[in-house]
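Protein chains in written order, with our numbering: chain L, 1 to 464; chain E, 1 to 228; chain S, 1 to 236.
There may be inaccurate statements among the hints.
Stated by the list, open to error - Just the calculated beta-carbon pair ranges, DEER-fashion:
#1 Ala77(L) - Arg16(E): 25 to 35 Å
#2 Arg444(L) - Arg16(E): 41 to 51 Å
#3 Leu19(L) - Arg94(E): 45 to 55 Å
#4 Met1(S) - Ser394(L): 38 to 48 Å
#5 Arg422(L) - Arg150(S): 28 to 38 Å
#6 Glu183(E) - Pro303(L): 30 to 40 Å
#7 Thr94(S) - Phe406(L): 35 to 45 Å
#8 Asn68(S) - His119(L): 36 to 46 Å
#9 Asn68(S) - Glu183(E): 53 to 63 Å
Claimed, not checked - Cross-link-like lysine to any residue pairs, in silico, SDA-like; alpha carbons within 20 Å at most:
#10 Lys38(L) - Pro46(E)
#11 Lys226(S) - Gln11(L)
#12 Lys221(E) - Val185(L)
#13 Lys221(E) - Gln192(L)
#14 Lys4(E) - Asp93(L)
#15 Lys409(L) - Lys226(S)
#16 Lys231(L) - Ala119(E)
#17 Lys231(L) - Val123(E)
#18 Lys392(L) - His31(S)
#19 Lys40(E) - Asn45(L)
#20 Lys4(E) - His63(L)
#21 Lys419(L) - Glu37(S)
#22 Lys179(S) - Ala439(L)
#23 Lys179(S) - Ser86(L)
#24 Lys392(L) - Thr175(S)
#25 Lys398(L) - Lys226(S)
#26 Lys179(S) - Lys419(L)
#27 Lys4(E) - Asp37(L)
#28 Lys179(S) - Gln192(L)
#29 Lys4(E) - Ser86(L)
#30 Lys179(S) - Gln352(L)
#31 Lys146(S) - Gln11(L)
#32 Lys179(S) - Asp37(L)
No wet-lab data here; the hints were simulated from the structure. We treat Cβ as the ideally placed atom computed from N, Cα and C, and that holds for glycine.
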Amino acid sequence: MSAPVQQFKSQADVVSRDLRHREFIQTALNNYAVVRDKNRNAFRNYPAARQAAAETKWEAIHHLDRHLEQLATRLEARGTHVHWASTGEQARDIILDIIRRKNARSIIKSKAMTSEEIHLNEALEREGFEVVESDLGEFIVQLRKETPYHIVFPAMHLRRGEIRDLFNRELNSGSTEDPEELTMVARRVLRQKYIQADIGFTGANFAIAETGMISITENEGNARLTAALPKTMVTLLGIEKVLPRLEDLALFLPLLATSGTGQPLTCYNTLYGGPRRPAEPDGPEEYHVVLLDNRRTQILADPEQRDALHCIRCGACLNVCPIFRNVGGHTYGTTYSGPIGSVITPHLRGLQEWKHLSYSSSLCGACTETCPVKIDLAHHLLQNRRNATQQKPSWPWKIGFKLMNFVFKRPALYWFVPKLGRIGQALHPIVKGTRLDPAYAWTRSRETPRIARQTFREWWRGRG
Amino acid sequence: MSAKDDILARVREALRVPAPRPGDHGDGATAHADTPPSHKAREYLPPAAESFDEQVAQFSANATALRAGFHVCNGQDELLRRLTELRDAESWKRVASHASSLTDAACAALRLPVLKTDAGYDVHALETCDVGITGCDALVAQTGSVLVTTRSAGGRALSILPPHHVVLARKDQLVRDLPAAFELLKRNYGSDYPSMISFITGPSRTGDIERILVLGAHGPKRLTIFLV
Amino acid sequence: MTVTLFIPCFVDLLYPQVGISMVRILEKLGHKVDFPEQLTCCGQPAFNSGCWDEARGLAEPVLTRLRNADVVVIASGSCGAMLKVFYPQLFAGTHHESAAKALSAKCYEFSDFLVTKLGVTDVGASFPAKVTYHDGCHGLRELHIKDAPRALLSRVRGLELVEMQEEVCCGFGGTFAVKFPMISTAMGEVKCSQALATGAEYIVSSDSSCLMHVQGLIDRQGLKLKTIHLAEVLAS
């Protein structure tokens, strides 16, 4: 077994038995489900909205080359510098180069999963720059030197007492554990950071090809401040974020909010097209947009799973996923967790090393059902399993299935199955529950069913 | 080859095999025709009110749910009276704003030191202001949103940095829904868009600590909208 | 009409009463039941494990044998999804593709067959107990069956149906249950606690595989719950 699968299995074993974690996460996500459903029901026709979103993303991706060129041309026409990065390393170099050219010291960041994906913070800190996450949840996990637990709710695994201890230790904030007071502590600290920062760094939720704009969705106002105060602004986004038309946002903004946080619309939905214009009083003097591939074109090259690029990173599939809810976000060991992470990580980081995420699913399909852009997530997990096996067969399983086929296709042999089963079951108590038990994976936590005294076939034949 | 050429070449190569159009996951939705799906947005988006009075009522209900203040003023006198009441209730000492007919009259009536952002400003000074008073491009009845741009709201920071954001809107600025707001942007700005366009839907908030709602995470804790 | 019954391996070996109940109900409704004895397994375990070649090996005889059937009723939502939804994917691009599509069109999960195809909701059953219904995920999300079993239960005399908080997976998932046993167990515990919260005496389902998992947990943990297949309730 390679390292990621071992890490996943051992951590999953621990977290899935942690009843406190289970109860805490379930409660939070049940509350989310209530408001999500309320706001989905507020649509005149939610299934039609979902279909329209899927069609729009399909169109965006189907002409991705055209849309990217259009986006870049329109952004550049307004004085934005557009950079293209094939890999995470190229993106880091581009961003470091901008920072060095501006003689910058400090960078204020708003939430960007793409920056997690390319491990930007580590790269910047290694070079001696100060990087501060401004989204409250991201700020908390940064102080804890952790990765985000969830792509939308980075600190949802922490209780207020843990945040009190963290803030008291790192920020000297005293003994308050009131969420409002803790939020105000972060607000005061970060206010100064915005004002001092040389670079404002953001991610993006959508990019509008038609008008050359970057759309950022948030609730706190931290991205607005990040884009307002520093002299230089940098946005990093995946190439799949593009939408064809400005008015597509009339659908995608409410859809993202509803699925993401259960709100009708998030608090700030902002479009940025370029640096400060001559008549404007403020805003960055320079605006850089970095378009990141980082193996997204690998997903694009697989027509069967191309719709995984429709993802708007709302996190809805994580929220309904019983695997995610029981193992938690950190167990995955990936930037993108939950069903969408299990689907795309094998493409982004290697199928054999990450195929276990596709196997770690009961294929319940709750992800497919909830996805606002209709990504066929559950079936993609099956396809990843098929592709992994075709590429590199798992011989014990393959031989097992071949043997099963040999027996199950021959009625004369199948006749022995219940007979042998009954004998095996009679002997089972000798090893049951021990490591010698061939059914240990089952019997460790569950009782086994009994082979019937008379099988259905035996009954059927007996009827004559 | 540049990274741009590399990426576009990979994209074109990948797209040589088309992917099937999005199917139906059994929820009864059927594929749309050739017009862009967003052009039929009103068929599926949450409903928006038709008449002006209904739109005012819808905006008001949304604002309340979002914990924003919303007041309809019959004329400038009422606006100025309500603003001075707000000034006294919150003991404003410094006001930030920008030049426009509505905001200029409001600032004059408040009789407080005013920082105007139009020709540039000191960010530390703006940070000490108790309120930012701005105009807007539109109010969206369907969502309770305020649409601002760098042009209509005195730049990027004025509507986000002070702890209280006061929006002054004219009655003709109330639009029905998000599609109407995007039409308005296209009509008013065409190819010369401001560098920032923002839909503000309620005061700044977070739920990052135990999913408990806290207002004023980084932006204004209070948002008050006057429709004049 | 002649109904061809597909009895999955685990129903045959572990839960024959489920198949027997189905035969009795269908015959009571005046239909002739045909049971192709040589069909043992739909191939889903291999399919779900990524071994599509081996899955096709088991599925091909199913396609051949059921070619001339009028309607096929499957005694499990999960195996039903395999025949109805996944066979066309499994055989896409092979010379069995059209046969798989043809079979798909005439496949029904048992409760769906009674309600949708036959228009029957009252089979004259009586089962005086408080029950909750567990939707097997494949039946619910691949076959989109939600109302049919509830319509059938609503006509069972003496039966009171109480719904659980949400439609969540029981954690079985075939080989998943043994590949990731602790995750599977945690999911099963969540399911059991939701069922217990309803105050129901029984968890009823259309999938014996889900019930096998849940019953295994109930027995190990000594929970005050019982499991029973929908067909057994309807045959009471």
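Status of each hint after checking the structure:
1. Judged by the Cβ atoms, the range 25 to 35 Å given for Ala77(L) and Arg16(E) holds: they are separated by roughly 30 Å.
2. Distance hint check for Arg444(L) and Arg16(E): the Cβ-Cβ separation is about 50 Å, which falls inside the suggested range of 41 to 51 Å.
3. The hinted window of 45 to 55 Å between Leu19(L) and Arg94(E) holds, with their beta carbons roughly 53 Å apart.
4. The hint said 38 to 48 Å for the Cβ distance between Met1(S) and Ser394(L), and at roughly 43 Å that hint holds.
5. Evaluation of the 28 to 38 Å hint for Arg422(L) and Arg150(S) yields a pass: the beta carbon distance comes to about 37 Å.
6. Our hint of 30 to 40 Å for Glu183(E) and Pro303(L) holds, since their Cβ atoms are close to 35 Å apart.
7. In this structure, Thr94(S) and Phe406(L) break the distance hint of 35 to 45 Å, their C-beta atoms being roughly 21 Å apart.
8. Distance hint check for Asn68(S) and His119(L): the Cβ-Cβ separation is about 60 Å, which falls outside the suggested range of 36 to 46 Å.
9. Between Asn68(S) and Glu183(E) the beta carbons are some 60 Å apart, a value that agrees with the proposed interval 53 to 63 Å.
10. Our distance criterion of 20 Å between C-alpha atoms is met by Lys38(L) and Pro46(E), whose separation comes to about 11 Å.
11. The hinted pair formed by Lys226(S) and Gln11(L) fails the criterion: a straight-line CA distance of about 32 Å is larger than 20 Å.
12. Under the criterion of a C-alpha separation no larger than 20 Å, the hint pairing Lys221(E) with Val185(L) is consistent with the structure, at around 14 Å.
13. Restraint check for Lys221(E) and Gln192(L): the C-alpha separation of about 17 Å stays at or below 20 Å, so the hint holds.
14. A hinted pair counts as satisfied when its Cα atoms are at most 20 Å apart, and Lys4(E) with Asp93(L) qualifies at roughly 15 Å.
15. About 34 Å separates the Cα atoms of Lys409(L) and Lys226(S), which puts this hinted pair outside 20 Å; it is violated.
16. Our distance criterion of 20 Å between C-alpha atoms is met by Lys231(L) and Ala119(E), whose separation comes to about 17 Å.
17. Of the supplied pair hints, the one linking Lys231(L) and Val123(E) holds, its CA atoms being roughly 12 Å apart against a limit of 20 Å.
18. The suggested pairing of Lys392(L) with His31(S) is violated, with an alpha-carbon distance near 48 Å, which exceeds 20 Å.
19. This hinted pair checks out: Lys40(E) and Asn45(L) have alpha carbons roughly 11 Å apart, not beyond 20 Å.
20. With a C-alpha separation of about 16 Å, the suggested pair Lys4(E) and His63(L) falls inside the 20 Å cut-off, and the hint holds.
21. Taken as a hint, the Lys419(L) and Glu37(S) pair is honoured in the structure, with Cα atoms around 17 Å apart against an allowance of 20 Å.
22. For the hint pairing Lys179(S) with Ala439(L), the CA-to-CA distance comes to about 11 Å; that is within 20 Å, so the pair holds.
23. Proximity of Lys179(S) to Ser86(L) is assessed by CA-CA distance (about 36 Å); at most 20 Å being required, the pair is judged violated.
24. The suggested pairing of Lys392(L) with Thr175(S) holds, with an alpha-carbon distance near 19 Å, which does not exceed 20 Å.
25. Of the pairs offered as hints, the one joining Lys398(L) and Lys226(S) is violated, with about 36 Å between alpha carbons and a cut-off of 20 Å exceeded.
26. For the hint linking Lys179(S) to Lys419(L), the alpha-carbon distance of about 27 Å lies beyond 20 Å, and the restraint is violated.
27. As the CA atoms of Lys4(E) and Asp37(L) are separated by approximately 42 Å, the hinted pair breaks the 20 Å bound.
28. Distance check on the hinted pair: Lys179(S) and Gln192(L) sit about 50 Å apart at the alpha-carbon level, beyond 20 Å; violated.
29. Of the pairs offered as hints, the one joining Lys4(E) and Ser86(L) holds, with about 8 Å between alpha carbons and a cut-off of 20 Å not exceeded.
30. With a C-alpha separation of about 16 Å, the suggested pair Lys179(S) and Gln352(L) falls inside the 20 Å cut-off, and the hint holds.
31. With a C-alpha separation of about 35 Å, the suggested pair Lys146(S) and Gln11(L) falls outside the 20 Å cut-off, and the hint is violated.
32. Taking the CA atoms of Lys179(S) and Asp37(L), the gap is about 33 Å. The hint is violated against a cut of 20 Å.
Hint check: violations occur at hints 7, 8, 11, 15, 18, 23, 25, 26, 27, 28, 31, 32; the rest are consistent with the structure.
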